[in-house]
Amino acid sequence: MTQKLTAVKVADGVYWVGAIDWEIRNFHGYLTSRGTTYNAFLIMAEKVTLIDAVKGPFFEELMARISSVIDPSKIDYIVSNHSEMDHSGCLPEVAAAVRPEKIFASQQGLKALGEHFHEGLDVVGVQDGQVLDLGNDKLSFFETRMCHWPDSMVSYLHGPEVLFSQDAFGMHLASAERFDDELDDRPMARELAKYYANILMPLAAPIKKALAKLTGSGLAFKLICPDHGPIWRSHFPRVLELYQRWAGSFRTRKAVVVYDTMWQSTRKMAEAIRDGLSSGGAKAVVMPLDSSHRSDVATEVLEAGALLVGSPTINNQMFPTVADVMCYLQGLRPAGLIGAAFGSYGWSGESTKLLSAALDAMKVEQVAEPVRVKYIPTAEDMEACRELGATVARRLAQAYPDRA
Amino acid sequence: MQKFVCDACGYIYDPEQGDPDNGVEPGTAFADVPADWVCPDCGVGKDEFSPA
Ligand SMILES: [Fe+2]
Ligand SMILES: [Fe+2]
Ligand SMILES: [Zn+2]
Chain A
1 MTQKLTAVKV
11 ADGVYWVGAI
21 DWEIRNFHGY
31 LTSRGTTYNA
41 FLIMAEKVTL
51 IDAVKGPFFE
61 ELMARISSVI
71 DPSKIDYIVS
81 NHSEMDHSGC
91 LPEVAAAVRP
101 EKIFASQQGL
111 KALGEHFHEG
121 LDVVGVQDGQ
131 VLDLGNDKLS
141 FFETRMCHWP
151 DSMVSYLHGP
161 EVLFSQDAFG
171 MHLASAERFD
181 DELDDRPMAR
191 ELAKYYANIL
201 MPLAAPIKKA
211 LAKLTGSGLA
221 FKLICPDHGP
231 IWRSHFPRVL
241 ELYQRWAGSF
251 RTRKAVVVYD
261 TMWQSTRKMA
271 EAIRDGLSSG
281 GAKAVVMPLD
291 SSHRSDVATE
301 VLEAGALLVG
311 SPTINNQMFP
321 TVADVMCYLQ
331 GLRPAGLIGA
341 AFGSYGWSGE
351 STKLLSAALD
361 AMKVEQVAEP
371 VRVKYIPTAE
381 DMEACRELGA
391 TVARRLAQAY
401 PDRA
Chain B
1 MQKFVCDACG
11 YIYDPEQGDP
21 DNGVEPGTAF
31 ADVPADWVCP
41 DCGVGKDEFS
51 PA
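Those protein sequences? They're chains A and B, same order as listed.
Per my numbering, residue 1 is the first one in the first sequence, and the count goes up by one each step.
Per my numbering, residue 1 is the first one in the second sequence, and the count goes up by one each step.
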């Protein structure tokens with residue numbers, strides 16, 4: 001039996017025509033445990049308009065879904081809200097198949113698409129706030145620079161009050177259902193946070209500006225259609241609240257303890273630190289790096305108040321897995337964390353110094369000197385680790401008394 | 001005072017507003033912005049800015 005790929009009507013005259021990627025687990029280094037979707041939308045106005053394309057290999061899926069509504073050659077306009085290749089990968093093929101009258105992108109999108117596809121694509125740049133007449137409806141464009149890339153913009157369809165928000169408010173979650181209220185809340189909340197943590201965390205300043213622009217626009221939003229994951233029909237107010245909270249670096253009495261170990265000594269230290277954190281009333285999340293993915297560490301750090309990092313010394317360096325996570329976290333620019341470094345060593349013992357410098361580079365306020373243990377922790381060493389955990393817990397209790 | 005634009009992302013540094021969230025007072029000319037200041041939107045250094 002061949003599977004029939006059809007469009008899904010999401011509002012009057014608006015169809016989801018995207019692709020479902022059930023298989024992807026590595027999205028440029030982000031562990032997409034539940035797959036993802038590349039959403040694209042077809043507006044059946046007098047000027048038939050396609051909002052965004054999909055990742056290259058899903059070209060045929062996109063075209064099949066469009067064809068279930070209309071002959072693709074009837075599409076007049078294509079709008080590229082975001083030029084990243086998960087949304088533009090097959091744009092040249094779509095343009096060749098459809099031969100649209102025009103392709104629209106932001107001014108930065110015009111540049112970026114040119115730098116992706118070179119001579120291959122004829123694009124018209126639009127201004128912030130520009131309105132495109134679709135005959136019996138209107139589409140407005142709003143620049144949302146750096147949410148996610150310099151080219152990012154969102155489009156708003158006035159008739160049915162639909163916002164096409166590209167990466168904003170999205171998540172990596174493959175599902176047969178298209179709407180938020182058809183899915184389980186918990187995995188959805190988790191994937192929303194994971195997406196924000198891994199894709200949007202460093203962009204707090206532009207996100208605040210974009211949120212102010214949307215909420216201050218006076219427009220009503222009946223439906224929010226992001227480029228990944230479910231369409232928001234019921235829970236958008238909650239999503240907006242979470243975005244405001246995350247862009248404001250909301251933190252809690254949670255401490256993330258990240259470490260790797262060679263001969264179990266740094267692991268024992270992590271365990272003693274966890275003990276100190278827990279007895280001090282902090283919530284401890286322990287993440288051994290031989291089994292924790294960097295993108296899950298980022299998700300835990302999103303609302304954490306503290307970050308404790310442990311590494312043994314190997315060949316005068318910190319452990320490569322720990323260096324990986326520190327490099328990644330520094331790029332995500334979490335603001336307002338406290339923390340500390342710890343680790344065991346055999347003879348040279350550089351790791352804690354290197355970690356302390358890495359925490360400085362992340363602007364993490366270190367609440368104590370690193371705890372450094374030779375070979376195997378003694379009872380006193382374990383006590384020092386417990387005390388470090390307790391110190392962090394006390395600081396968190398002072399900073400966030402009512403955010404357990 | 002001369003505004004400067006980030007070549008990477010399009011952020012505009014306006015001396016009249018400065019960047020108070022990152023310790024740059026309103027009224028600071030671009031030349032007087034600390035050398036380790038980075039674009040608040042995309043993180044690139046001062047050397048990637050051009051006169052707007
Ligand atoms: Fe993106
Ligand atoms: Fe995307
Ligand atoms: Zn920039």
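Treat the hints as calculated values from the structure; they're not laboratory data.
Cβ atoms here follow ideal geometry from the backbone N, Cα and C, with glycine treated the same way.
Be aware that a few hints might be false.
No more than 25 Å apart at the CA atoms, straight line, and that leaves these computed lysine to aspartate or glutamate pairs for DMTMM-like [said to hold, decoys possible]:
| id | chain 1 | residue 1 | chain 2 | residue 2 |
| --- | --- | --- | --- | --- |
| 1 | A | K209 | B | D21 |
| 2 | A | K374 | B | D7 |
| 3 | A | K111 | B | E48 |
| 4 | A | K213 | B | E16 |
| 5 | A | K209 | B | D7 |
| 6 | A | K363 | B | D47 |
| 7 | A | K209 | B | D36 |
| 8 | A | K209 | B | E48 |
| 9 | A | K213 | B | D19 |
| 10 | A | K4 | B | E16 |
| 11 | A | K363 | B | E48 |
| 12 | A | K74 | A | D133 |
| 13 | A | K353 | B | E48 |
| 14 | B | K46 | B | D7 |
| 15 | A | K283 | A | D185 |
Computed spacing ranges between beta-carbons, pair by pair [unchecked claim]:
| id | chain 1 | residue 1 | chain 2 | residue 2 | range |
| --- | --- | --- | --- | --- | --- |
| 16 | A | T215 | B | P51 | 51 to 59 Å |
| 17 | A | K208 | B | A35 | 37 to 45 Å |
| 18 | B | G45 | A | G120 | 30 to 38 Å |
Non-contacting residues of chain B with respect to chain A, defined by C-beta distances greater than 10 Å in every case (computed) [to be verified]:
| id | residue |
| --- | --- |
| 19 | Q2 |
| 20 | K3 |
| 21 | G10 |
| 22 | D14 |
| 23 | Q17 |
| 24 | D21 |
| 25 | E25 |
| 26 | F30 |
| 27 | V33 |
| 28 | A35 |
| 29 | W37 |
| 30 | D41 |
| 31 | G43 |
To test your reading of the hints: which numbers does this structure violate?
As far as the earlier hints go, 2, 10, 13, 16, 17, 21, 24, 30 and 31 are violated by this structure, in ascending order.
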